[in-house]
Amino acid sequence: MSSEESKTKPVTQTQTAPAKKEPELPKFEKDLSDKIVTKFGADTEISFVKPNRVRINVKKEKIKDVATFIRDELNFDHAESVTGVDFPKEKEIEVVYHLGSYTDPKLNKQILSLATRVPREDTPNPGKDSTKLQSLREIFYSVEFHERECFEMLGVYFDGHPDNRRLLLPEDWADIPPMRKDFATKGR
Amino acid sequence: MSVIAPKFRLAYLLKGVLNDVFWIIVLVTLIGFPVIMIVLFYIELPVLEGELLTPFLAFTMIAHPELSMPLIDSFMNTDFFRIAVFPGFGFAALIAAGTIFAERKLLAKLQLRVGPFYCGKVEGILQLMGDGLKLISKEIIIPAKADKPIFWAAPVLFIGAAAAFVALIPVAPGWVVADVDVGLLAVFAVIGFFPIITILSAWSANSKFPFIGGIRALYQMVSFEIPLILSLLGVVILTGTLNLSEIVESQASFPWIIFLPVGAIVFFICMLAELERIPFDLPEAESEIVAGWLTEFSGMMYGLVQLGSYLKLYAFAGLFVVLFLGGWTGPLLIPSTPPEILSGIEVGPIAVDLPGSERFVDRTLNAELINGVIWFVLKTVGVIFFILMPRGVFPRIRIDLLLQIGWYKLIGLAFVNIFIALGLLYSGILEPGVIF
Amino acid sequence: MSVKIPPGLQLEKVDERIMTLNVGPQHPGSGHMRLIVQVDGDYIVACDPDPGYVHRGEEKMAEYRNYITNIPHLERPVIHDSCNILYPYVLGVEELLGIEVPERAKYVRAIASELNRFSYTLYWLAIYGIFLGHSTMFMWPAGDRELAIDLLDKMTGARVTHAYFVPGGVRNDLPANFEDVCIRQVNYLEKRLKAYADIFYDNPILISRTKDTGVLSREDAIRLGTTGSVLRASGVDFDVRTKEPYDAYEELDVHTNVLKNGDSYDRSKIPWLDMLESCNIIKQALEKMPKSGSVRVKLKPNPKGGDDEVYKRVESGRGSLGVYIVSRSKPEPYRLKLSVGSFRNLICLPYLLKGEKLGNMPAVYWSLNYWPVEADR
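Residue numbers (my numbering), protein chains in the order written: chain E, 1 to 188; chain V, 1001 to 1436; chain U, 2001 to 2377.
Hint data in this document are derived by calculation from the structure and do not stem from the laboratory.
Where is the CB? At the ideal position from N, CA and C, for every residue including glycine.
Hints may contain errors.
[As the list claims (entries may be wrong)] Going by beta-carbon spacing under 7 Å, a handful of chain V positions derived as facing chain U: (1) Q1111; (2) P1395; (3) K1409.
[Claimed, not checked] Rough simulated footprint, nothing fancy, chain U against chain V, three-plus residues with beta-carbon under 8 Å: (4) 1126 to 1135; (5) 1175 to 1183; (6) 1383 to 1394.
Isolated chain E, as found in the complex:
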């Protein structure tokens, strides 16, 4: 199981079981994920380990510590994007941070997905209900506008973000956050 062989695997790997039971995991990525899990234990969980892509699920209280650890020890220095995914059946909204690295040449290909879940309310009141998350802006400056977009599109309030305001939506938007699944576009 050398790292060169695993890195050039064709991209037709399918994951049917949790990643830990799969025998041929790429070594470098497994290394990264193991470091995080050993430090934070029960609060984190490895979702999958694929060539160049690792995903860690974190509980929402610990997201700031995990992010600080990733920035300082693992040398990831910027966020490629921040995505919010709405799961109405599980009553949760998942926020995924994709982190990349420019400075460390071994990490140039890697993208680490850091995911948390926040509770979702049926009648959203953005900023004043329980859909709150700690902002990662002091750790990764580059998430500033992405988090604003997540706020306006899904209603996830980021504590500690200097400017939780609308970005793309018009000034007089008075409807529910549009990326939620119960917001239907016209004609559908």
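Put chains V and U on the given structure of chain E with help from the hints.
For chains V and U alone, kept in the frame of chain E given last:
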């Protein structure tokens, strides 16, 4: 879009021609004949040298040179001719129109496109006429809160000042509209009017973008007037006179640009800034302040302002030619007609005789005039070409760089130029006021 | 106050000395985006970008379309560079569905991607000329762009918004004598691009307007998460085509251009250098391409992905463009996110414009290689 170059159909051409013929016949019948009848039968016609001046006689008189030449001669020596036709408004407007067309074509070729192409059979020659007709036909919109008397007066003042400037430029020996002894000082005075007119028109429009454009124009024109005037001091020192015609005559052997190249360059750059040409077209910067101080002008007011701008361009180029390039001096291209031809030639069976032309060709339309005009026009066209070129080459300059250039670098260079002139004078290479 | 305020409207207090300018959406100096700029005299005190003028909800609409009908939908954010926006999407869908693309298709994709880079960058350069007031800098790239668009027209059938990439390859093969025409036009484009150096990049007025304005240091560029030409102008050597090669770029030889100063001049020069590099890539790809073979793998109707997610990125004209697809065993994607280079570079704008002169604003703003439509999606 309509068809751009419609195919030729004989039927349409014949239809057009017949239409024109029909209307000509109608107009001549309904209007022309009655007028002729009235003139022939009801107006007292004068008696010239024993003959009644009928329209027939008038036509033959026009064709007879001995009678018409003195008329033309005396007409050309009147003030009206100088103001309206040459070297005044008609000449300047013709050069201005040619400049506009040449600018569009030159810019187009520089940018790998064609320019005006469809209006007029040969490469879009009639484009300007089309633009002029379009501007006349457009509605003049005045903003509601504008200061109406000043707003209406501003383009007229602009043209007036530009025309005053044109009036001071000598084109040929003896041919200048206003022959003042302090010609150069008068030029400075007229140039000083332009910022005032610009700020008046910008202020009276009472809108944000003209305001910004007017302030920028004020900054620009005022800061470049000082190096403009200073750079000409060198020429004044060396010639000892302010009269523009005398300055030209003093360059009979050498144009001043050989001795004062720095002054010429400073004057050229200041000229570009006063004319608001690229790279100094901040007052009309399109990408920042829609059209600057011209924003609220529409229709013929805009046409007048454009005409004024191009008259100013011709006048400045003419001034550059007069001061630095030698005006109308130059080797003789067209020799004067020898007197034997003037009094009639007989070569075998052919006899040519233009009685009356002797005095005309001697006094007014002499070789000096024709040569002077040709050289002046050639030099002016050359200078205009160099003024038009930067439009395709440079982007627009920023305002603080503009002010740095105007107040620091150009004034410094102008003083260098004055020192060169004084050096030439006091070292004895040139003597003041010598006409070679 | 007796004025009825619409619900959700945000109000702010007005200051006496500082003037708030709306370099608004309808302005010849701003593209279609609003910049709320607070000015103290001639110096910008703060800048608040307000994108969203052309926000259509691309990501929301993508959840209603299946993987194939999403293709003409997703290329609309950047119509000139449409192949590069679709590229990560089709790579992601192929990974989800487990499809292997034929060799020839990979090289055709590389050629289309580079031609799109020409089309976009020349248009961007032309608009940069308008912002600076340089009409020749508008006319020359706009004219030369016709050559690249003509090649794309022969290849795909459309001048912009090609809808050429499909999961499984490309829609159709190259026409018969494409190679000769392409090499001839690319050689001419290369000659023309080299002529740009004299009139644009060595032009003293352009240099004085863009040098040392909007300087972004190397650490800041990394920390702000910028991408594309902004990153490479600040000294960071990162190009997705070399660092995480995809498709044919694993065999092609790409040279990354890096400049050190990080000011507007360098940021305006890097796309031009990249275009010169694209000429080489196209010629290499035409040489190395397998001369025959299919360019498309047939798909079953209504393909479904499993319970999976994928994140793919590609180097587009503006930087690394990432697509994140979450699928839940349906023909439509459950969530599709476009992480576009313009949106990531937007954060530089309030950071760089603080303390700049107002006259420098167009030069700095457009040099960030910002395409308003793409940032708004």
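query: Of the hints given before, which are not true for this structure?
result: Numbers 3, 4, 5 - these are the hints that the structure violates, sorted from lowest upward.
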